[in-house]
Amino acid sequence: MEDSITRRTLLGAVGAGGFVSIAGCAGDSGDGGGNDDPYSSETKTGDGSSTDNNSSSGNNSTATGGSANVALSMDPTEGVWQVYGGVSPYYTNILEPLIWVSEEMKLEPWLATDWEATSDTTWEFTLRDSVKFHNGEDLVAEHVVWSFEQVLNEWSYAPGWLHVESGSVTAIDETTVEFETSDPFPTFPGTIAHNMIAIQHPDRSRENTEPIGTGPYQVEQRTQGQHVRTSGFDDYWNGTPSLDELTFSVITDPNTRALSLQNGDVDVAFDPPKSRVEKLDSNGGTNVTTQLSPGAVYVGCNIYKAPMDDPKLRQALNYATSQSDLVETILSNIGVPAKGPVAESIFWSAHEKLPAYEQDTEKAKQLVEESSYDGEALQFHLSNQQVDGELLAQALQQWYDEIGVNVDIQVTEEASFEDTVRSGEPHLILESSGTNSGAADYLIYETFHSEGDVNERLYNEEGTGIYNLGEEVDQLIQAGFQTGDQAEKEQKYEQALQRIMEEAVVVPINYSEYIVAASDGVSSMDLRPIPEMTRWTGLQTGQ
Amino acid sequence: MLLVLVGVSILTFLLLFLTPGDPAETILRQQMGGRTPSLEAIEQFRQSEGLNRPIPIQYVDWVTDVLQGNLRESYYQETPVSTLIINRIPATLELAVAGMAVALTIAIPTGIISAVHKGKAPDYLSQFAALVGVSMPNFWLGYILIIVFSLQLGLFPVAGVGGLESLVLPAITLGSGMAAIVTRLVRSSMLEVLDEEYIDTARSKGLRERIVIYKHALRNALIPVVTIVGLQFGYLLNGAVIVEIVFQRPGLGALLIDAIFARDYPVVQGLVLVIAVIFVLTNFAVDLTYRYIDPRISFGGESA
Amino acid sequence: MKNSRRLGRFLSNRLNVVGLLFVSVVVLSAIFAPVIAPEGPNEQDLFNRLDSPSAEHPMGTDQLGRDVLSRLLYGARISLQISLAVVAITLAIGTAVGLVAGYAGGWVDEALMRFVDVLLAFPGILLALVIAGILGPNLTNIMIALAVVGWTQYARIIRGSVLSVKQEEFVKAAQLMGVPRRRIVLRHILPNVVTPVIVLATMDMAYVILGTAGLSFLGLGAQPPTPEWGTMLSQGRNFVDTAWWVVNFPGLAIMITVLGFNLLGDGLRDVLDPRDMGDVENKGM
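Residue numbers (this note's numbering), protein chains in the order written: chain A, 1 to 543; chain B, 1001 to 1304; chain C, 2001 to 2285.
The hints are simulated quantities; they were obtained by calculation from the structure and are not laboratory data. Any given hint might turn out to be false.
[Stated by the list, open to error] Computed, partial: chain C to chain A, Cβ under 7 Å:
1) N2048
2) R2049
3) L2064
4) R2237
5) T2242
6) W2244
[What the hints assert, rightly or not] Distance ranges between label pairs, derived from CB positions:
7) A/E462 / B/I1055: 19 to 29 Å
8) A/G136 / B/P1056: 52 to 62 Å
9) A/A487 / B/P1056: 55 to 65 Å
For each residue, glycine too, the CB sits at the ideal point set by N, CA and C.
Work out the full structure, taking the sequences as your base and the hints as a guide.
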């Protein structure tokens, strides 16, 4: 299929709008490598002032007015986020965290202009001046403390996730907040660069459930299970929102979502089905943008389950696979052929340095011959939520069949899938990874470290695991995780990933791109690798 | 009647606990944006939701709450399950009523034509036409309707709720699936009435009276139809599940599916109970109507 | 004899002939799939995906470059297999429960019927989801799920019929003469309830095919690469206006089959039992 997608057209336009790199990274733009250390404890970031205008509308004082409707696959009124008054902080920009995540997956000073580690376990954050809440009050340190307490008290997992206990967030003065982590946690700033760690005003009590945030749009009305209607907030600290009204609607079915856009019911639709992309792009009236995300798709081999414990078999599966064929055909050229399990957009992904398994059926057959594989059917599990998962699995099944390896595909619904995977039952698992925050470290830690969440249970109970190669890789990951030095982190993680690929623990498929379709009039959509962090301030509908 | 509700709730409980997919893990993963939650977090969740306790005790606790009018809160939201359900009822009710209206609009004329012209071409054609609707998987029909009436003709919005125009396509999708059953009923009911002697008498007396009698016949024929149709309301929910997903209508069907996939047990339990109550009540109402219309009908001592 | 008259009456209705024709086409496709199908159902050709219908691929190719016609032909086997199996299971369970309840009466009847009520008041979709969840979604488990949901109506109908037949003089006579219960049931009651059940079973063939498609839509269909129609339709739904052949041919296949069984069921009812099914059903309730 030919690729008729205007890739990243919108992103280009946004880039021109002027993203000013944070100070620490100004020297090296590029693909996220280099010595910048957005995750590091030594981060000296941001000059903290008006130069941070990120969106094109920052310099654009002429608000155009008008309205737009954005169709999401997730429910923006979902009360998962009850802390936020039944409006999801994902996508909506109503609430903002202290740190945002940039186009290059770097930490971008947001409500905090600066942060530094004052000891192994303490962090000091300086807040931005003259940030106003939707109720007109100024943002002060007490609000940050209150917001963190909300999160820490509401979700049992939050203290473990953030490495911060309730009561260890303190306001030093009006604009300085100190965090005390329960153990040395160098990725703390990246971890809280997350929509869920959003800052809000305490007046949002449980009775008065409308959230009060600092974002460019404020809640006007929400209809449960349907949409949130927001209006532009004139006193927004980072430019004037270009629209009078911005609505976020939930349309869970991808096909219906795309059709709604085609019909003009909505102006923007996230994640339309790939099969509709060509139509949406060639059609008059709509166009499609793709954006590289921090996600990756790969087949994980359960290295503790015979015969997958034989590296030869795992390598054979790698040699049987052609990533570029999959991307070119099934994925309609959306996504990038992968060489490893960590997205290229993350600076320590080691993409360049990983061994390449070019498709070589003969070599694969030979490896199967030499391996302990004796003809049994391998159980290949995937979730029915995995976009294009069934197609990928079937293409792989055919290739594996050609090298004499039998595969049974088991598609299950998400909840059962996760259960089965952690039980260590399947031989092969179609995995899809990604991060919603500025800290990607957990992608490698939780998946490949013996004490990572994926392997923990089996490792503790039976001394095995799923994707954990053992001691050597554990130490490398540990070292990378603990260091504040970006170069060292990169080096350790790269070594770990090299071991993982030499041992063929995974069969990489692709680094993910996500798709956003929009009406032709829509412009200045500020997409980020983390789709939930798309900025809407400068959005224009051209009406 | 109460027995049925107790049975339904026990069955729901048992089924949920047999289902693979740990609610603690599933819900925490969802809340954390897809990350695998740690074992401690899972344990904490189980503790706080009482999921570690023996199933019979959990059941008794739940029943105690329900008897006090408390359907509990969703795992995801602090919203009470009863609020969630009440919020979703209008969308489903609207759809069910509109679907039924579509079914009757199709079925009554086709059924009558069919009965009056029994064994002739119009009979065959209308029976066939009525069956086409029920023979299409409803999500396929839904998408075809969207393509034709929304995209090509631009008559209706693709999805959502609000206003009559967003109700038309979902109602056709749901209603056409029922039209065949109702047509069949109208037809046979009409045939039966037309067979009665007084109709023959009327026929022999000439046209004008025949018209009167047809009216009479129709009225008699429709009584069983209406009651049966009432009974079908309970079954509409199964169809509503898919229609609500295709057309993104926030109704009970969509809520049930979401809750099942998300392992939001309080919502599933509460919703199943409410559905069962609706079902039992409609059955009961239909029973009563039957007795009222035709006291001769004996139910063999049975009541729903 | 009576049977040939019935056959004559059956064929005199054109709808019945159409129904018979549709079902025959499906049955023949299923039997001769390997002979007629241009390709194997799972032969992929990634670089010829979504080809529109041509001489080589009369119904085009799907998302993995597989021949849609071949998959449909093999799929006929699966659809028939599923519906036959489900109907057989529901029939067996339903008949057994219905006979026992109807004949035994008393608390046995009461208990069984209350259980049927519980199942009827239970959203079938939840039952199917849970079963598919517990056992893992695949063909066998789809069958089990649909069967568990489906048997209750048979039980009700049969019980209702048994109750009315029980009142008939000849059954009472047999009872008085000391004929064993089992024999009364088998010789006298069963033959009398066969008609509505056959009709219902025929129509159920149609219902099962639709039910399978619905489960596929919810992501609980057959495991890939099984060429099951509902799964093909569900997976192809995104192509409804772009690669119409991927979705509409499976849709038509389902429609024709369902229509066929429905027409057949209607026809059988007219021929086998002049009374309307509605009557029988009412007695069951």
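Exercise for review: Just pull the numbers of the violated hints for me, sorted ascending.
Suggested key: 1 and 6
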